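Visitor: Starting from the known structure of chain A, fit chain B onto it as the hints suggest.
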Amino acid sequence: MRRVIRHRLFWPIVALLVLIAINTIARPQFIGITVRNGQLYGALIDILRNSAPLMLVALGMTIVIATRGIDLSVGAVMAVSGAVALTIIDASSDPTGVGTVAVAVLAALGVSLALGMWNGLLVSVVGIQPIIATLVLMLAGRGVALLITDGFITTVNSPPYSFIATGYLIGLPVAFLISLTAIIVIALFERRTALGVLTEAVGINPEASRLAGVRARGIVFTAYAVTGLLAGIAGIIYSANIRAADANATGLFIELYAILAVVLGGTSLMGGKFTIAGTVVGVLTIQTLESTILFLGVPSAQSPVFFAIVVIVVVIVQSPRLHAWARSAFRARARGAASDSSIDKAKVAS
Amino acid sequence: MTAIDTRPKPAETFASRYSTFLRRRASLMPTLSAVVILIALLIGARVRFANFLSPGNLSALLLDNAYLIVLAVGLTLVIITGGIDLSVGSVMAFTGILCASLLAQGLPAFLVVPIMLVGGALIGLLIGVLVQYFNVQPFIASLAGLFLARGLAFVVSLSSIRVEDPAILWLQRTRWSVGGWYITPTGIIALLVVAIAFFVMHWTRFGRTVYAIGGSEQSARLMGLDVARTKVLVYVISGVCGGLAGLLLTAYSGAGYPRNGIGTELDAIAAVVIGGTLLTGGTGYVLGSLIGVLVYGTIKKLISFMGAEQSWMQIIIGALLLVFIVVQRLIVARSQRRGR
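So the protein sequences, as listed, match chains A and B.
Just so we're aligned, residue 72 is where the first sequence starts under our numbering, counting upward by one.
Just so we're aligned, residue 2 is where the second sequence starts under our numbering, counting upward by one.
Okay, chain A solo, but in the shape it has when bound:
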């Protein structure tokens, strides 16, 4: 039992289960999953589907944070990616063709990868603080996206493109399958090869790992490049879902939610040890919380208050000071109990 409680995923999973339990009690249909035409529907499936962009971004963010970095530009990269894809589809003579969509998606992914590599270059080669290096792209990226779409919100009607976000394959939403694939690929690379350990080494002590022969520069560079690519996929899913490229609204605040998901999952912002499973739980918690807030009838604009409270509670629960207090309070009580029993013994003796 103690081992279960001590496991670092224990509290994140408890938080998620509590949220799901509250929802189920409040509205029993929440837990239900129905099958229609061989496709799964239900509130839980919706959460899985809607969490795809955040999941992709948070996965990349986990790796970047593990290297002691941070990537603020993911939202801007999403906006650029969506803008590139939709502009290509919009300009083509055959917007409903599968070939057009494939070209658009590949172009968007290429651009996103390049943007991620730019971040990686600034951080690993030029040696700029990650917050600032990615702030540059965060500021400039939305401007670039606006330039690509000419300042308009580009809308397209392309069934193959919409399929990416709203379609179903083998009974499951395509968006969820994409994020599931990303989780598996990242987990395999990080946990079944030495890459994960090397990433943690770079995050724990960059200088020591360099002296030990770890190619820190390449690992950090790759982390940002992969994050850019994942943000690009997220941007495609997002724009496919709303069938529009809105340079200002796409991925707004997603960097903050992604960081929140990573922290909720138990990865420290100080870098080093990271957990992919934790991030997955963190993302699902955020998405469930969002769905709960929506269900409660709170205007979605006000939902940040709930997130603020969650962040504050989580960071205080994780803080060493609270643990010290809890420990000393526990000990004091144990001591009190011990002295009580000795008094009892004394009474018995007399």
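Be careful, since some hints might not be right.
As the list claims (entries may be wrong) - Across the chosen pairs, the derived CB separations fall in these ranges: (1) B:219 with A:278: 17 to 23 angstroms; (2) B:44 with A:165: 50 to 56 angstroms; (3) B:189 with A:221: 40 to 46 angstroms; (4) B:219 with A:198: 19 to 25 angstroms; (5) B:320 with A:221: 18 to 24 angstroms; (6) A:198 with B:48: 35 to 41 angstroms; (7) B:168 with A:400: 49 to 55 angstroms; (8) A:278 with B:217: 14 to 20 angstroms; (9) A:340 with B:227: 24 to 30 angstroms; (10) A:88 with B:189: 53 to 59 angstroms; (11) B:200 with A:400: 42 to 48 angstroms; (12) A:262 with B:119: 46 to 52 angstroms.
Hint data in this document are derived by calculation from the structure and do not stem from the laboratory.
The model shown is predicted, which means the values in this text are computed figures rather than measured ones.
Glycine is no exception: its CB is placed at the ideal position from the N, C-alpha and C atoms.
Guide: Below, chain B without anything else, positioned relative to chain A:
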């Protein structure tokens, strides 16, 4: 570079003076280059548009950016301690809409303004306590502040509220002019904030403690400086600045709007960095942040003069930020080499 004596002198003396200046005042270099860029921008704008340097236009530069100046000043203090405050834009929106809402309910302005400042201070206090006593990283703690303030702004009101109160509108509508130049009370408040912050940072114990914490928190603590109080106070000051900026923005726009200031924290950070404050802490100037905001405001005005799309604004600010960061990086690398 331009600040150096330019009278003809033997080249050797000039070179040695130059290098001495560089060695002693390396931390001033980013701020000085911001001044050079500002002057170059203004001259370039004058060449392109004959009426750009008109007194009215330059006065407007100060007034349009009064709220950003106040935010940047508060943020400068936080960044000099080595922290960051992402909440400033949201705090501004929250206090702004709170102001409009309370005024609409009939509260007098002399009560509403202190309430705004206290509201900002409380959010700052929350961030400061999280950072100092719960060991939360400033980034995450102020992120919580950002969410909280933004959400509270929408809790106060989902839509914009007009301000009719004469005292608040007086701040923006009154114009004292001297030969084409004019200034409003909002501009005076912004300049006053800069002046007070300048005095506090360079002539008080608190200011020196702020610099000491940024230089090395451990050393500051070992020297017996009150690190805990100063760090919390810095975030409270930033929160109060957010509240004041909310007042200025409400007066400026004549309304409270919960969507105000989305992304303003980034503008403020960019202005502070362009003004020569190092994000690693320990080095920076309040006056530099004023210059940074003016550079920002000039670029914005220039773009609107050129009739270009505002999307260029974001790209140019991003590029400028990059240039400054690389310059700072080189300076830091150089001083570290010298240190060894």
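Visitor: Evaluate each hint against the coordinates.
Guide: Outcome of the hint check:
no., hint, verdict
1, B:219 with A:278: 17 to 23 angstroms, "19 angstroms, holds"
2, B:44 with A:165: 50 to 56 angstroms, "52 angstroms, holds"
3, B:189 with A:221: 40 to 46 angstroms, "41 angstroms, holds"
4, B:219 with A:198: 19 to 25 angstroms, "23 angstroms, holds"
5, B:320 with A:221: 18 to 24 angstroms, "20 angstroms, holds"
6, A:198 with B:48: 35 to 41 angstroms, "37 angstroms, holds"
7, B:168 with A:400: 49 to 55 angstroms, "51 angstroms, holds"
8, A:278 with B:217: 14 to 20 angstroms, "18 angstroms, holds"
9, A:340 with B:227: 24 to 30 angstroms, "26 angstroms, holds"
10, A:88 with B:189: 53 to 59 angstroms, "57 angstroms, holds"
11, B:200 with A:400: 42 to 48 angstroms, "45 angstroms, holds"
12, A:262 with B:119: 46 to 52 angstroms, "50 angstroms, holds"
Every hint from the earlier list agrees with this structure, and none is contradicted.
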